[in-house]
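Protein chains: 2
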Amino acid sequence: MSQRVANFFSDLRRRQQLLLPVWFEDGQVIILDQTRLPFQEHHLALRHVNEVAVAIKAMQIRGSGAIALAGAWGLYLAALTNQSTPEQIKEAGDLLKKTRPTAVNLQKTIDEITRELEPFQGEALTRTVEDRVLAIVQRQLDFEIRLGHFGAQVIGDGDTILTHCHSGALAGAGYGGRALSVLRAAVEQGKRVKVIASETRPYLQGARITAWELGQLGIPVTLITDNMSGFVLQRGMADLILVGSDRVAANGDLANKVGTYLLALAARDNVVPFYTATSSHTIDLSTPSGKEIAVEMRDPREVLLFNGAPIAPESTGAIYPSFDITPAELISGIITERGVLRPPYREKLAWLGLERETR
Amino acid sequence: MSQRVANFFSDLRRRQQLLLPVWFEDGQVIILDQTRLPFQEHHLALRHVNEVAVAIKAMQIRGSGAIALAGAWGLYLAALTNQSTPEQIKEAGDLLKKTRPTAVNLQKTIDEITRELEPFQGEALTRTVEDRVLAIVQRQLDFEIRLGHFGAQVIGDGDTILTHCHSGALAGAGYGGRALSVLRAAVEQGKRVKVIASETRPYLQGARITAWELGQLGIPVTLITDNMSGFVLQRGMADLILVGSDRVAANGDLANKVGTYLLALAARDNVVPFYTATSSHTIDLSTPSGKEIAVEMRDPREVLLFNGAPIAPESTGAIYPSFDITPAELISGIITERGVLRPPYREKLAWLGLERETR
Numbered sequence: 001m002s003q004r005v006a007n008f009f010s011d012l013r014r015r016q017q018l019l020l021p022v023w024f025e026d027g028q029v030i031i032l033d034q035t036r037l038p039f040q041e042h043h044l045a046l047r048h049v050n051e052v053a054v055a056i057k058a059m060q061i062r063g064s065g066a067i068a069l070a071g072a073w074g075l076y077l078a079a080l081t082n083q084s085t086p087e088q089i090k091e092a093g094d095l096l097k098k099t100r101p102t103a104v105n106l107q108k109t110i111d112e113i114t115r116e117l118e119p120f121q122g123e124a125l126t127r128t129v130e131d132r133v134l135a136i137v138q139r140q141l142d143f144e145i146r147l148g149h150f151g152a153q154v155i156g157d158g159d160t161i162l163t164h165c166h167s168g169a170l171a172g173a174g175y176g177g178r179a180l181s182v183l184r185a186a187v188e189q190g191k192r193v194k195v196i197a198s199e200t201r202p203y204l205q206g207a208r209i210t211a212w213e214l215g216q217l218g219i220p221v222t223l224i225t226d227n228m229s230g231f232v233l234q235r236g237m238a239d240l241i242l243v244g245s246d247r248v249a250a251n252g253d254l255a256n257k258v259g260t261y262l263l264a265l266a267a268r269d270n271v272v273p274f275y276t277a278t279s280s281h282t283i284d285l286s287t288p289s290g291k292e293i294a295v296e297m298r299d300p301r302e303v304l305l306f307n308g309a310p311i312a313p314e315s316t317g318a319i320y321p322s323f324d325i326t327p328a329e330l331i332s333g334i335i336t337e338r339g340v341l342r343p344p345y346r347e348k349l350a351w352l353g354l355e356r357e358t359r
Numbered sequence: 001m002s003q004r005v006a007n008f009f010s011d012l013r014r015r016q017q018l019l020l021p022v023w024f025e026d027g028q029v030i031i032l033d034q035t036r037l038p039f040q041e042h043h044l045a046l047r048h049v050n051e052v053a054v055a056i057k058a059m060q061i062r063g064s065g066a067i068a069l070a071g072a073w074g075l076y077l078a079a080l081t082n083q084s085t086p087e088q089i090k091e092a093g094d095l096l097k098k099t100r101p102t103a104v105n106l107q108k109t110i111d112e113i114t115r116e117l118e119p120f121q122g123e124a125l126t127r128t129v130e131d132r133v134l135a136i137v138q139r140q141l142d143f144e145i146r147l148g149h150f151g152a153q154v155i156g157d158g159d160t161i162l163t164h165c166h167s168g169a170l171a172g173a174g175y176g177g178r179a180l181s182v183l184r185a186a187v188e189q190g191k192r193v194k195v196i197a198s199e200t201r202p203y204l205q206g207a208r209i210t211a212w213e214l215g216q217l218g219i220p221v222t223l224i225t226d227n228m229s230g231f232v233l234q235r236g237m238a239d240l241i242l243v244g245s246d247r248v249a250a251n252g253d254l255a256n257k258v259g260t261y262l263l264a265l266a267a268r269d270n271v272v273p274f275y276t277a278t279s280s281h282t283i284d285l286s287t288p289s290g291k292e293i294a295v296e297m298r299d300p301r302e303v304l305l306f307n308g309a310p311i312a313p314e315s316t317g318a319i320y321p322s323f324d325i326t327p328a329e330l331i332s333g334i335i336t337e338r339g340v341l342r343p344p345y346r347e348k349l350a351w352l353g354l355e356r357e358t359r
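As given, the protein sequences belong to chains A and B, one line each in that order.
First residue of the first sequence? That's 1 in our numbering, and the numbers climb one at a time after it.
First residue of the second sequence? That's 1 in our numbering, and the numbers climb one at a time after it.
If you are wondering where the hints come from, they were derived from the structure by calculation, not from laboratory data.
Treat the hints with caution; some may be incorrect.
[As the list claims (entries may be wrong)] So, partial list: chain A residues that the calculated Cβ filter (under 8 Å) puts toward chain B: (1) GLN83; (2) ALA211; (3) ASP269; (4) PRO313.
Glycine included, each C-beta is placed from N, C-alpha and C at the ideal position.
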């Protein structure tokens with residue numbers, strides 16, 4: 001049965017150079033260990049759903065799309081176990097959900113796979129889980145390719161794109177996630193692009209992961225510290241800003257990695273377009289504006305340490321807001337898998353949100 | 001003779017708790033090694049002008065005011081040498097000037113001490129150099145106290161001040177340099193203040209040096225990464241922004257540590273006042289606006305390394321602009337040792353610059 005899964009991945013790889021964060025091979029879930037990037041490309045080979053849960057918890061796989069897929073493959077491992085029951089698969093799902101309780105995409109994916117399994121048993125049960133997992137992977141890849149296709153229209157030949165944090169293949173299904181799907185599609189259309197990436201303290205996703213992915217794709221990348229984006233825009237060194245998004249409120253306000261708002265302010269002041277690449281699933285119509293978005297405050301020790309070593313005197317306090325709010329009026333366009341939305345956003349987002357519910 | 005120098009410093013210390021970056025004691029120039037802060041308070045005891053030159057070059061002492069004073073004390077060491085001649089002191093000055101060729105303050109200080117020494121020899125020569133060095137140290141301290149006095153009027157009781165990089169005592173003569181003189185004076189007036197300091201990549205002056213100084217003064221400090229200032233201002237967590245300045249153009253445009261411009265944009269967007277603390281000597285009337293200020297590009301490896309270890313894949317490029325330009329229209333006030341200038345700045349800066357030339 002997992003021959004079909006093997007064929008699925010070999011087909012994918014033949015068609016295009018994917019940067020897969022997770023796949024299935026020889027009865028094992030394979031995860032590219034993102035904590036060791038960019039210096040080691042180390043893969044974990046996991047044989048039990050418990051090991052998948054541990055890897056998600058340890059951030060060895062990260063990014064909302066990627067951990068949802070890791071969860072899906074974890075359930076597939078559970079389903080492959082001899083004589084597993086729907087009840088056992090449900091329990092595996094509960095275990096996986098607990099690894100990142102706030103990861104909505106992971107929760108939804110687990111629910112989608114484990115719902116209404118009661119009628120199935122034996123091979124039919126395994127087959128049903130396999131069908132659902134493959135459909136989810138394929139759907140996520142299709143999403144990224146469609147998003148890239150629509151987004152590439154805002155990229156010009158020869159453009160230099162300034163990006164922040166990591167919104168790429170390793171956070172998604174392997175094509176390019178969100179922001180980097182747009183760049184990848186532009187390159188596939190024959191456009192030459194360069195990237196300026198901000199390092200993104202404290203976790204350095206830009207320096208470690210975005211720079212690694214772009215290197216894999218052969219896209220030239222220049223690293224800056226987070227405080228240099230204003231200089232870059234003042235000097236006309238970037239044609240466009242492109243970032244991902246954690247959440248889009250009903251009015252178009254955007255929650256994304258802390259620092260995004262500063263980029264958007266500098267973009268407006270220097271008349272450089274600012275785009276976000278997102279999924280219709282991050283549009284949250286129940287949140288009227290950015291003001292109502294609660295910003296997760298993470299462990300402040302991460303700010304006081306750099307690569308594990310303290311950088312400030314012991315008496316120093318710290319805060320670690322994980323994202324900030326970029327007001328809709330600073331956003332030139334919202335790139336989605338259904339097209340690029342232009343301001344004003346409210347009605348278009350409402351339409352897209354409702355259309356998503358019904359499809 | 002150096003008894004007088006010893007008395008000078010013991011007087012200073014009796015009067016107030018100074019954070020001296022450099023002083024003279026027992027025939028030696030003592031430098032607090034800033035490369036070891038904040039974890040070690042290690043002092044260098046230097047007996048020869050060559051050693052002072054090495055310490056300046058190695059950034060063990062840094063900040064325009066502090067290296068000028070280190071240069072002054074280096075000349076004093078040269079003057080103390082038995083039978084030194086005006087010619088030898090001049091040579092020592094040339095050696096010191098070469099350590100940081102773009103440090104205008106250092107160059108001017110050396111010139112002030114070494115000019116017209118030809119009439120002197122023996123004890124009279126040493127005494128003349130000593131007079132000049134002590135006058136320069138006292139003048140710099142008086143400057144900081146005056147700057148602080150004027151600046152403190154913009155600080156309210158209970159204010160939280162957001163600052164960037166390091167503009168403090170260890171970059172100056174020991175009271176509080178520029179920005180931190182304002183905070184220190186406010187505290188001495190009985191105002192309670194708190195500080196939010198951005199870490200200031202890549203060199204981490206905010207995390208290492210500003211946080212250390214504020215800790216020494218008992219002022220509570222919260223560290224953020226450079227990308228978090230927008231969040232801080234959106235949430236109303238800071239009442240005021242206060243930074244130093246590298247250069248002020250004739251129209252009020254400000255060159256300061258890269259990232260300052262982003263702070264000023266976020267300040268305007270959130271209606272938070274933005275101040276710079278500066279010296280009338282950084283006003284450059286020959287530069288019409290920020291556009292004409294050449295931004296020094298430093299070694300990009302500093303962006304790609306942290307504590308000597310790479311943070312990005314080998315194929316990654318980098319740039320390291322040392323500062324950016326904050327347009328005058330984003331600046332609520334320019335704090336100087338002659339008072340706080342309010343916009344429009346052009347005429348006031350011209351007056352201050354001319355007044356400086358004639359005093």
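Chain B contact restraint on GLN83 (chain A) - CB to CB distance below 8 Å | It is violated, given that the least Cβ distance between GLN83 (chain A) and chain B is near 46 Å, above 8 Å.
If you take the shortest Cβ to Cβ gap from PRO313 (chain A) to chain B, is it below 8 Å?
-> This hint holds: PRO313 (chain A) lies near chain B, its Cβ roughly 4 Å from the closest one there, short of 8 Å.
Interface hint compliance - ALA211 (chain A) to chain B, C-beta minimum distance less than 8 Å | Nearest chain B Cβ about 5 Å off; hint holds.
Hint check, ASP269 (chain A) versus chain B [nearest Cβ-Cβ separation less than 8 Å] = Hint holds; ASP269 (chain A) Cβ to chain B Cβ min 6 Å, cut 8 Å.
Hint 1 from the list above is the single one not met by this structure.
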